[in-house]
Structure formats: structure tokens, C-alpha cells
Amino acid sequence: QIHLVQSGAEMKKPGASVKVSCKASGYTFTRNYLHWVRQAPRQGLEWMAIFNPSDGRTNFAPKFQGRLTLTRDTSASTVYMELSDLRSDDTAIYYCARDVERALDHWGQGTLVTVSS
Amino acid sequence: DIPLTQSPSTLSASVGDRVTITCRASHTINRWLAWYQHRPGKAPKLLIYDASSLQSGVPSRFSGSGSGTEFTLTISSLQPDDFGTYYCHQYHSYSYNFGQGTRLEIK
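Residue numbers (our numbering), protein chains in the order written: chain A, 1 to 117; chain B, 1001 to 1107.
Excised from the complex, chain B in its bound form (with noise of 0.2 Å):
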């Protein structure tokens, strides 16, 4: 697999704010990359796909970006509901793997 490094680890942000999660490769995957939203008792949820394409049905809030190496999801005003642990995933080459996840607390 192609190691991913998300960073923060953890974030504690206050409705409203603007949040940014990093994900950073080990090689280029291209735009292979997509976004997860997983809150406790609850499956993942697909946000974002092909780096920066929004799922259907997901808010407009969340966006993302980026190519290569680097990427970063955005939400730009957080809302209660977006709490939980936020994980990249690439699929580059028909391996997969994921980041370590990066845990979001609303103050």
C-alpha cells in the first residue's frame, strides 16, 4: 500500500469555524484519493471522491482538494452534526488504504 499521514490526529473546533484536514501520501496517487465521515454506531460515510468530487447528497460544506501527494478536506462552517473521525482513503493501483484518521470534537 501507499502509507497515508493525516494530520491534525485530533481538532476541537466551535460551530461556525473553518476546518481543514491534511492527508498527505508516501508516492503521487494522483487524485485517487477520497474523504470518509465515521461517527460512533454508524458506518462510514462517503463525502468525497476522485480528491474533489462531493458525493451525492452530501452538504456543500465539505469540499476538497488537491493531487499528488497533498490533500486537504474542508468544511467551511462546522455544524453539530460533523462531529466524529474523518479518514482518507486512496485507491491507487488496486491497492487501498487508509489514513490514521483524524478524530473532530465540537467545543
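For reference, chain A alone in the conformation it holds in the complex (with noise of 0.2 Å):
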């Protein structure tokens, strides 16, 4: 079976940086890229990365250019966003999700990232 684990919740204070991991399992890491999606409080989802494990190759969001990085560790199957920086409305929910043909198969579980002074 097809799992995406991602890492427990954060509290961070503005201007710190956070890093969730999203470790895969059930399938072969590196055949399928990974985006990572965030749902603020009372908004909708929003797409940020899209991220190739084979390569490391990535895609953002405009809006997360220069904020974002996104790693990976192949040997343990797991993709690592780092997001600096930090804002109150980066207060979030944060998903990975596996592509299949572009659309979204298979998603984490979230990490609540929480943003205060």
C-alpha cells in the first residue's frame, strides 16, 4: 500500500525557518514526482512545489521563489520542504502528495505549521 508519513506539528516564531519531511513508502520513490500543498485557516488549498526525486529538480509557486527549498534523501525515501522566513500567514497545514500523470493520487496526512510570536 501507497503511504505518504509526514512529520508532527510546529510552532515557529516569525522569521524562523521550518522543515517537514514527507516519507514514501509502497512504491518506487524516485518514478513519481511530489508537490506540496498548504491550507491556510479558512482558505482554500494552495499549490506550492512540485519536486522530482530522481533528480532533485524543482518547480514553485512565484509567490514561494526564494523562500522554499525543497531536499531529498533517496535512501530513505523521504522529500524535506524547508520554508524560511516565516510569516503569520504561513500559519498552515502543509501536504505532500505523489503525481501520477500530473493529478494527485496519493496525499500525506498534513503537517500543522503554526507561525507566532
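There may be inaccurate statements among the hints.
[As the list claims (entries may be wrong)] Taking lysine-lysine and the DSS-like style, the derived pairs with C-alpha atoms no more than 30 Å apart in a straight line are:
1) B:K1042 to A:K13
2) B:K1107 to A:K12
3) B:K1045 to A:K63
4) A:K19 to B:K1107
5) B:K1042 to A:K23
6) B:K1045 to A:K12
7) A:K12 to B:K1042
[Stated by the list, open to error] Selected chain B positions facing chain A (in silico; Cβ < 7 Å):
8) S1009
9) A1034
10) P1044
11) F1062
12) G1068
13) F1083
14) Y1087
15) Y1096
16) G1101
17) L1104
[What the hints assert, rightly or not] Chain A residues, not near chain B, derived (Cβ > 12 Å throughout):
18) Q39
19) G44
20) E46
21) S54
22) D55
23) N59
24) R67
25) D73
26) S88
27) D90
28) T91
29) R98
30) R102
31) H106
The set of hints was computed from the structure by calculation and includes no laboratory data. Keep in mind that this is a model prediction, so the values were computed, not measured. Heads up, the beta-carbon is just placed ideally off N, CA and C, and yes, glycines get one too.
Using the hints, put the two chains back together into the complex; each one sits in its own frame.
Have a look at this one:
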């Protein structure tokens, strides 16, 4: 069975960085792109980035360019999402999701990131 | 990205009703559109991909249609478990974004 398991909730101060992990299992890690999507309180889904676990290449939504870093540990089938210079409006649930022919067929359980002074 | 506009924003319907949600794209996206259901406290769930293909395991009461700039998601006979927010999602030319969502409430 395919699973994406994310790291636990984080509480950060404004200006800090957060790193969220997404561990894949049940399929060949390098065979599918992974996306990051977030949902702020009372807001809709917001697409953030797509990541190729095979070669580490990334494409970001323009608003996250310069603040978002995606990396991977292929031996652990894990992708890491790091968002820097956090602001209060970065408070959200962050999801990783597997790409199959560009649709997102499996999702992680979500990681709540709270940014507050 | 290519802005997507969903309508209606909220919808209240009864069990057994036929429900239709529309998603309009500002530019043509061919058939590169998916639909997701998002229930509180859960991860989004893929329902339809490539505009009209039913994801494995999704009940056949869900269907999708459309191409170009106008798309619809139809639930043929609404069930109690179908509450939640529905999002369209376009993936044309490796540019991705979601519609603003349609909140579906069961009367």
C-alpha cells in the first residue's frame, strides 16, 4: 500500500524556518514527482511546488520563490520541505502529495505549522 | 498559473439530489483538470483526473466532463458522506493551481 507519512506539528516564531518531512512507502520513490500543497485557516488549497525525487529538480509557485527549499534523502525515500522567513500568514496545514500523470493520487496526513510570536 | 473559478461557492443539497459543480479556466487547459474532495481533518481525495477519468475506488456516482475552459463535476445521487469542499485543479504546462473551492453541505 502506498503511504506518505509527514512529520509532526511545528510551532515557530516569525522570521524562523521550518522543515517538514514526507516519507514515501509502497512504491518506487524516484518514479513519481511529489507536490507540496498548503491550506491556511479558512482558506482553500494552495499549490506550492513540484519536486522530482529522481534528480532533485523543482518548480515553485512564484510567491514561494526564494523562501522554499525542497531536498530529498533517496536512501530514506523522504522529501523535505523547508520554508524560511516565516510570517503569520504561513500558518497552515502543509501536505505532500504524489503525482501520477500530474493528478495527485496519494496525500500525506498533513503537518500543521503555526507561526506566532 | 491559470486562474480557475468555481461555482457555486457554497451548495446545500439533500441526500439523493443530483449536484453539479462548475470550474472555469481563464485559458484553455485541454483536459488537464482534476477534482478533489476535502473533508475536515482529512487529506484531500482525488476523485476525477484528466477531466473525466474516475479514480480507482471512487464511487461511480461521481463523474466529470468538459474540456478547454469549462468543466463540471456531477454527483448523480448525493450521499451523506459527500459533504466537504470540492476543488478543481489544473495541471497544464507544468503550471498548477486550484480553484477556490465549493463547499457542499448536506441538508
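Here's how the hints hold up against the structure:
no.	hint	in the structure
1	B:K1042 to A:K13	holds (26 Å)
2	B:K1107 to A:K12	violated (40 Å)
3	B:K1045 to A:K63	holds (25 Å)
4	A:K19 to B:K1107	violated (41 Å)
5	B:K1042 to A:K23	holds (18 Å)
6	B:K1045 to A:K12	holds (29 Å)
7	A:K12 to B:K1042	holds (23 Å)
8	S1009	violated (10 Å)
9	A1034	holds (4 Å)
10	P1044	holds (6 Å)
11	F1062	violated (14 Å)
12	G1068	violated (17 Å)
13	F1083	violated (16 Å)
14	Y1087	holds (5 Å)
15	Y1096	holds (5 Å)
16	G1101	holds (4 Å)
17	L1104	violated (14 Å)
18	Q39	violated (8 Å)
19	G44	violated (4 Å)
20	E46	violated (7 Å)
21	S54	holds (16 Å)
22	D55	holds (15 Å)
23	N59	violated (6 Å)
24	R67	holds (18 Å)
25	D73	holds (22 Å)
26	S88	holds (21 Å)
27	D90	holds (18 Å)
28	T91	holds (17 Å)
29	R98	violated (10 Å)
30	R102	violated (4 Å)
31	H106	violated (8 Å)
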